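Taken in order, these protein sequences are the chains called A and B.
0 is the number of the first residue of the first sequence in numbering that gives the first Met the number 0; add one for each residue after it.
0 is the number of the first residue of the second sequence in numbering that gives the first Met the number 0; add one for each residue after it.
Careful, some of the hints might be misleading.
[What the hints assert, rightly or not] Here are the computed distance ranges between Cβ atoms for each label pair:
#1 A/144 <-> B/24: 20 to 28 angstroms
#2 A/147 <-> B/360: 50 to 58 angstroms
#3 A/91 <-> B/354: 25 to 33 angstroms
#4 A/140 <-> B/380: 56 to 64 angstroms
#5 A/151 <-> B/356: 50 to 58 angstroms
#6 B/43 <-> A/122: 25 to 33 angstroms
#7 A/147 <-> B/392: 40 to 48 angstroms
#8 A/122 <-> B/77: 30 to 38 angstroms
#9 A/140 <-> B/396: 35 to 43 angstroms
Simulated from the structure, these hints should not be mistaken for lab results.
Here the structure is a predicted model, which means the values were calculated and not measured.
In this text, a Cβ means the ideal position worked out from N, Cα and C, and glycines have one as well.
Take a look at the letters that make up each chain.
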Amino acid sequence: MEDEKILKIRIERYQQRIFSLALYLIGGNQDNAYDITASSFVEVIRKMHSLEKEDIFFTAVSAVVVRKSRDVKVMPSFSESDFAELPFARRKALFLVRRALQSLPFDTRAILLLRDQLHLLHKDIAVILHASEDNARSQTTQARILLRDKIKEVLSSGG
Amino acid sequence: MADNITMTCDDIKKKLKRFLEDLLVDEEYQAFLKHLEDCPRCKTYVTSVDSFSNQVWKLAEVKVPSDLSSTILFKLTQPEEKDQKPKLSMSKKVAIGALVVILASSAFFFGNKYLKNRNRSQEVDDSPIVTMQQVRKEKSPEDREAERLLRELEGIATRLGVPEDKEPVKKDSEELTAVEEESIDSRDFLNKTEPHKDSTSTATKVNEGSKTATGSSNKTEDALIVPKPLHWHFVYTQEKGKTETDAQQNFSENLREQAERESDLLDVLNPLGIILDYQNNDLFTFIATGEKVERILEKILLSSGSTFSFRDYTSGVITIMDEEHDVSIYLEKKGSSALHWHISLTSSRQKSQLLDIIREKGGMIDEEFEDGFIFFMQRPEIKKLKTRIMAMRVSLLEFGDTGDEESQLSSGLVEISVCFTKR
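The following block holds chain A by itself, in its conformation from the complex (with noise of 0.2 angstroms):
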């Protein structure tokens, strides 16, 4: 009982950040992506052998999300009203931001969110998307700079 408290502790300290992930990674379907979080957590769960690895937890659980995200096929459903709650300058720069991330390939959406969202080191990053340190490190530059060019684009044509 003691290890199912500290489960459920665990679990909803990391989900919100878990969600978002595998909610922009595949395009906003917020059924898909509750799938994709719960089975990413149920199996990481499942394969460990003790609870007190916490450090690496996050990290695994956010590797199974990339894995499991990759073979979705993006159809964007996201709406501005998903922060209807916001004001309206901060929800529409938000809106713009989603729609460029939402444009780039999944390799580059996934670095972002795995730096810019989830604040994962580097050689985390490089381990979740087989890369070396170095060229995750050199993938995020990249990332962001695809990012801020595709936002121009989406502003120059109306946004």
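Fit chain B to the supplied structure of chain A, relying on the hints for placement.
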């Protein structure tokens, strides 16, 4: 790890620029984030800075479904479902292995004797002697994976307090070492391809929902409820500046708005030659090939952000291009549409349980379909019914509403459409 360095609020201010430019070394980066986790003031300060990387961070502020953690914990208590052949317990496998050895040895012994008797001049010494070790070696990778998962499941089940229905498995030393070596490491999850598809996951391949699952050999009394493959909500909001005072005026405005949105929707469908199968106020159903489905989606998404938005509640996201798919679209006015529920069910037993509860609470089932049903219910009873349904450990997503608080108390029949979703 971040344990080596700790940061103060002053450090955060000093290092903010380097953080935003992603120039901190790993230890500093972790210490920086650790401080933000513990200090909401600094977190607000850092996220308020209008930096580029912060925008991606802010995207994470999505609402997580409230039942996510309980679903995960619930799934952990369930035996792992597999698409592969049924699992055998370790003891059964050992027994089968032993039987194979006995049979093989007997076959060898008697076969040899027979052949020797039949033709003494012919040498027959090519029959292999099957040893236990060879039997073990001949196990397929799937069997070994199943055994490994089984052992881990047993461990998890014990930790989570799930009663075990199997005898404790005696691990042989060779396999035990392999399992011990395989401690959790994020690399494990990356380099390994998924051994099987989680049958509860709907996110991978398409139409598993309607096509594969229906033909599944698993069709027992407790068969899975099959949701419609494509289920969309075309959501529009009330135009600004409308007053709620004149009910009659409001009613006609509503009708006008709905007609406008309906025409928006038909403007998307008609040029693609889509013929509606069914249309009733807020529900449109039609059949389209995967290719057309994609084009519809494209058109809808291009127009989204103007007067309506679009939500996809499809059980699988990939459509097969040349295959025909059933599509249902709900034209939904945000906040005031008729009630529509998405209920996730896992078995037909749960479906009949659900219908029983509705009848018990005074609901009248009007129409039943494969993937849902429509019923009528007195308005004040709806809240209680929802509580009862939630107690079944299913998830219920509600669209539309039951009116303001005052009208919720007043009696009157409400039409509720229910659509089964897959979790």
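Take the C-beta atom of residue 147 of chain A and the C-beta atom of residue 392 of chain B, compute their distance, and say whether it sits inside 40 to 48 angstroms. holds (46 angstroms)
Does the beta carbon distance between residue 140 of chain A and residue 380 of chain B stay inside 56 to 64 angstroms, or does it fall outside? Since residue 140 of chain A and residue 380 of chain B have Cβ atoms about 59 angstroms apart, the given range 56 to 64 angstroms holds.
Is it true that the C-beta distance of residue 151 of chain A to residue 356 of chain B lies inside 50 to 58 angstroms, as the hint says? Given about 54 angstroms between the Cβ atoms, the range holds.
Check the following: the C-beta atoms of residue 91 of chain A and residue 354 of chain B are separated by a distance inside 25 to 33 angstroms. violated (45 angstroms)
Just tell me: holds or violated, for the beta carbon distance of residue 43 of chain B and residue 122 of chain A against 25 to 33 angstroms? Since residue 43 of chain B and residue 122 of chain A have Cβ atoms about 29 angstroms apart, the given range 25 to 33 angstroms holds.
Taking the beta carbons of residue 140 of chain A and residue 396 of chain B, is their distance inside 35 to 43 angstroms? holds (40 angstroms)
Distance restraint evaluation - residue 122 of chain A, residue 77 of chain B, Cβ atoms, bounds 30 to 38 angstroms: holds (35 angstroms)
Indicate whether the distance between the beta carbons of residue 144 of chain A and residue 24 of chain B respects the range 20 to 28 angstroms. Hint holds: Cβ distance 22 angstroms, inside 20 to 28 angstroms.
Using the Cβ atoms, figure out if residue 147 of chain A sits within 50 to 58 angstroms of residue 360 of chain B. holds (55 angstroms)
Hint 3 alone, counting from the list given before, is not met by this structure.
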